[in-house]
Structures are given as structure tokens and as C-alpha cells.
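Peer 1: Based on these hints, arrange chain B on the given structure of chain A.
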Amino acid sequence: MSEIPILKIGDCLLVSIQVDMHDRLAMALQDDLTERIVRDRARGVMIDISALEIVDSFIGRMLNNIAAMSRVLDAVTVVVGMRPAVAITLVELGLTLSGVRTALNVDKGLAMIRGLIDTPERVDDRRER
Amino acid sequence: MPDSRVRIFSLIEQHHEAILADWLGRLRGGRGDGQHRDPEAPERARRFLQCLRRGATSGEADDISGPEWAPMRELLEDTSRAWGMQGFTPTETATFVFSLKDPLFDLLRREIGNDADQLGREIWLATRLIDRLGLYTIECYQKTREEVIGRQQQELLELSTPVVELWDGILALPLIGTLDSARTQIVMESLLERIVASGADIAIIDITGVPTVDTLVAQHLIKTISAARLMGADCILSGIRPQIAQTIVHLGLELNVVSKATMADALGLALRRTGRAIVNRAASAEPKAGT
Numbered sequence: 001m002s003e004i005p006i007l008k009i010g011d012c013l014l015v016s017i018q019v020d021m022h023d024r025l026a027m028a029l030q031d032d033l034t035e036r037i038v039r040d041r042a043r044g045v046m047i048d049i050s051a052l053e054i055v056d057s058f059i060g061r062m063l064n065n066i067a068a069m070s071r072v073l074d075a076v077t078v079v080v081g082m083r084p085a086v087a088i089t090l091v092e093l094g095l096t097l098s099g100v101r102t103a104l105n106v107d108k109g110l111a112m113i114r115g116l117i118d119t120p121e122r123v124d125d126r127r128e129r
Numbered sequence: 001m002p003d004s005r006v007r008i009f010s011l012i013e014q015h016h017e018a019i020l021a022d023w024l025g026r027l028r029g030g031r032g033d034g035q036h037r038d039p040e041a042p043e044r045a046r047r048f049l050q051c052l053r054r055g056a057t058s059g060e061a062d063d064i065s066g067p068e069w070a071p072m073r074e075l076l077e078d079t080s081r082a083w084g085m086q087g088f089t090p091t092e093t094a095t096f097v098f099s100l101k102d103p104l105f106d107l108l109r110r111e112i113g114n115d116a117d118q119l120g121r122e123i124w125l126a127t128r129l130i131d132r133l134g135l136y137t138i139e140c141y142q143k144t145r146e147e148v149i150g151r152q153q154q155e156l157l158e159l160s161t162p163v164v165e166l167w168d169g170i171l172a173l174p175l176i177g178t179l180d181s182a183r184t185q186i187v188m189e190s191l192l193e194r195i196v197a198s199g200a201d202i203a204i205i206d207i208t209g210v211p212t213v214d215t216l217v218a219q220h221l222i223k224t225i226s227a228a229r230l231m232g233a234d235c236i237l238s239g240i241r242p243q244i245a246q247t248i249v250h251l252g253l254e255l256n257v258v259s260k261a262t263m264a265d266a267l268g269l270a271l272r273r274t275g276r277a278i279v280n281r282a283a284s285a286e287p288k289a290g291t
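Chains as they are written, first to last, in the numbering used here: chain A, 1 to 129; chain B, 1 to 291.
Keep in mind that the hints are not guaranteed to be accurate.
Each computed DMTMM-like pair below joins lysine to aspartate or glutamate, with the alpha-carbon atoms no more than 25 Å apart [said to hold, decoys possible]:
| hint | chain 1 | residue 1 | chain 2 | residue 2 |
| --- | --- | --- | --- | --- |
| 1 | B | K101 | B | E43 |
| 2 | B | K143 | B | E189 |
| 3 | A | K108 | B | D168 |
| 4 | A | K108 | A | D23 |
| 5 | A | K8 | A | D107 |
| 6 | A | K108 | B | D201 |
| 7 | B | K101 | B | D201 |
| 8 | A | K8 | A | E92 |
| 9 | A | K108 | B | E193 |
| 10 | B | K143 | B | E158 |
| 11 | A | K108 | B | E155 |
| 12 | A | K108 | B | E189 |
| 13 | B | K260 | B | E165 |
| 14 | A | K8 | A | D31 |
| 15 | B | K143 | B | D115 |
| 16 | B | K143 | B | E155 |
| 17 | B | K101 | B | E155 |
| 18 | A | K108 | B | E165 |
Note that these hints are calculated values from the structure, not bench results.
With the rest of the complex left out, here is chain A (with noise of 0.2 Å):
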């Protein structure tokens, strides 16, 4: 079973998902991945999923998982590089992970979080889930 690679850039961890996500490889991303958020005290969670032509519920609903549990652990998470296609599948499956912030591409996910790690106050408390 393959394992997805997860990198640490400054206080931000980048997990680029290559390959095609099943349930097992799912389960064990959100593992690594919150023991590496711990670990290495990351602030912010980026994960490119461009490479990614099938999202289903599962991979929707994992995603708003590792979202919640980063949170927790006092993490961003941002989602990036998601395809126009994939967009409009899981608007379609009524999946609009409300609780995930999402950005076009890596470089504008790190802004992201940049922006959200320096202020202050924490804005995305706000948002539910």
C-alpha cells in the first residue's frame, strides 16, 4: 500500500495527494497527518488535491475530517487546486464542504494561511463544523 508523502514547509504542512484515494489510504492519511500536526506543531494544513479527478462523498466527507481535527490540534486547513469538474460533482452530491476553506492553487493556499496564522484572533472559528 502506497503512502501519501506529507511535507513540511516552515510551520505548514503540504500533503499533495497523487494518486487515487481509497478508503484505507483515506483512513491512513487522517492518522499520519494529525500525528504530524502534533509533532512537528504545524499551524496550518494545506492539501492539493489538482491531482485528484474523482471526489466522492467519502473523500468529502474525510477532508471536512481532517478539517475539524486540525482544527482542534489549533491547525488551518486549506484545500487547493480542486478541478472545475470535481466542483460541480460534489455541488451536485450536495457535498459543499462548508466547513473546509478551499483556495485556487498552492501558492494561494499558502497566502491563506499565512494570513489566517498571523491575525490575531482566529477567524475561522466561525464557521461550523
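Peer 2: Only chain B this time, still in chain A's reference frame:
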């Protein structure tokens, strides 16, 4: 029936000048001013007869898909397309082919009028052939019209969903007309494509041109806004008329999006959010102004 078949085609071969003259007369006769609407009609008739003689060499009247009939098919396609574009009615187009029956039957009656049995066979053969050619013409005509309609529909869809880049990183989507599922799909797709292409952070959806907002339209708007958010772009809704604001509240719709009354307000907000401002150069003493 090889003998009967040879007869009609050889008769056409012998008398094609006479047939053409007769036919042209009838084509003109249908109209008061003595002119066919298409000035090229006599030329087309001449070529039609040539192609008919070419096709006749195949000796096949029931099947016009052979190589001998290729020039004929080409001519009919060309004619029906040209006339379809010029707004000729289907009747006018088909009559062009069917009117050949008169001179043809006259010829047959003159030449083999004494043999009723053979005359019947020849006329039947000629009728089948001409009908086939006529139907082929109508088919082509229909195809041309459908192409026109298809193209217009496509153009209409493209026209109705422009995505405009208002500023660096700010897109505007002026919606005109009612939003149905098919249009929402196209609107969504073109908006998301443009977000990717331009790297925009903010999209302003202007619904000034949307006549009514009911629950269905609102749902489509929410879908578009959610999809844009998943791509990392924030949406601002603008152009909400007072009537529509009332409707939205009465229906209990929750759009969950920043909305502004006018596009100008939305653009102002978008500029502010992206850290820009529009400065009045006359009012401010600064020489450098603009963004």
C-alpha cells in the same frame, strides 16, 4: 426488365435538350414574373439533367447511393443547402425536382403512347427515381435547417453566459434571462474554467437581468456559488432588485452569500477585499493614482 429500363434512359439521352427546354418553361411558369426566385435555377436544371444522364449509365433507378449518382447527390445537397439558407420553403425546393415529372411523362407518352403496358412500367420507373431524388433533396434541406437551428442554439448559450474580467482577480458573471438546469451547468462550467484560467479570487454574480428568483433559481445560484467557493473563489451577489429581495425573504431562502444592490457596490467591495482602492485624482493631491 432490362428492355424497359434501357428505353427511358435512352429517351432522356436522345431528347435531353427538349426536356430541358420544357422543364425550364415549367419552372418559370410557376411564378407570375416569369422568373424563378433563384437566378441560378436554369443552370441548376441543366446540371441536374447532366447528372441524371450520368446516373442513368448505372442503369439503376432504385438505388441512388452508387458512385454514378455521386454528382447528382452533390448537386442536390448544394441546391438544397443554398435554397435552405436563402429561405426557400420546402415545397419550393422539392418542386424543383418534382416538376421534372411533367416533361418526362410527356416525352414518354409521345414516344411509347401506343403500348399502354410499357408506358405504365416506364412511368412507374421514372416516378420512383424522381421521388427518390426529391426525397433526398428534402432530407438535405431539413439537415441544413437543423444545422442552422443547432448553431443558433449554441450561439445563444454562449451569448447568454459571458464571464467578464472586471479587474485583475475579479470576475463578473452578468446573468440574463431565466436560470434553468442546463444553463446553470454551462454558467457554472464557464465560470469555473475562467477562475482557473485567470486565478481570480472574487466572482461577482449579477442577477439584474434575471426576471424572477424562485426556489429553483435560488438553488441554482447556491450551487454556482458553492462550486466557486470549492475552487477557492468568493462570490458576491449583485443586482438584486427590491422586488426580488422581497421574494427571497418571503420564500425563506437563505443564500449564505454577501449581496449588494448594484454591481458598482460589489466591485467596490471586491476591490477593498483584494486590498485596492479607486482614488479620485482631482481630489487627492497625489500624482500617482488609479489602483
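Peer 1: A separate judgement is required for each hint: does it hold in the structure or not?
Peer 2: Hints and how they fare:
Using a Cα cut-off of 25 Å, the hinted pair K101(B) and E43(B) holds, with the two alpha carbons roughly 18 Å apart. A C-alpha spacing of about 30 Å is found between K143(B) and E189(B), which places the hinted pair above 25 Å, so the restraint is violated. Under the criterion of a C-alpha separation no larger than 25 Å, the hint pairing K108(A) with D168(B) is consistent with the structure, at around 14 Å. Among the hinted pairs, K108(A) with D23(A) is inconsistent with the structure: their alpha-carbon atoms are about 28 Å apart, more than 25 Å.
Using a Cα cut-off of 25 Å, the hinted pair K8(A) and D107(A) holds, with the two alpha carbons roughly 15 Å apart. Restraint check: the Cα-Cα separation between K108(A) and D201(B) comes to about 9 Å, which is no more than 25 Å; the hinted pair holds. Annotation: proposed proximity of K101(B) to D201(B) is violated, straight-line Cα distance about 69 Å (limit 25 Å). Between K8(A) and E92(A) the CA atoms are separated by roughly 34 Å; this puts the pair beyond 25 Å, and the hint is violated.
Simply put, K108(A) and E193(B) have alpha-carbon atoms about 17 Å apart, close enough for the 25 Å limit, and the pair holds. Between K143(B) and E158(B) the CA atoms are separated by roughly 22 Å; this keeps the pair inside 25 Å, and the hint holds. Annotation: proposed proximity of K108(A) to E155(B) is violated, straight-line Cα distance about 35 Å (limit 25 Å). For the hint linking K108(A) to E189(B), the alpha-carbon distance of about 21 Å falls within 25 Å, and the restraint holds.
Between the alpha carbons of K260(B) and E165(B) the distance comes to roughly 18 Å, so the proposed pair stays at or under 25 Å and holds. As the CA atoms of K8(A) and D31(A) are separated by approximately 16 Å, the hinted pair is consistent with the 25 Å bound. Between K143(B) and D115(B), the direct Cα distance comes to roughly 42 Å. Violation of the 25 Å bound is thereby established for this hinted pair. Taken as a hint, the K143(B) and E155(B) pair is honoured in the structure, with Cα atoms around 18 Å apart against an allowance of 25 Å.
For the hint pairing K101(B) with E155(B), the CA-to-CA distance comes to about 41 Å; that exceeds 25 Å, so the pair is violated. For the proposed pair K108(A) and E165(B), the alpha carbon gap of about 19 Å is at most 25 Å, so the pair holds.
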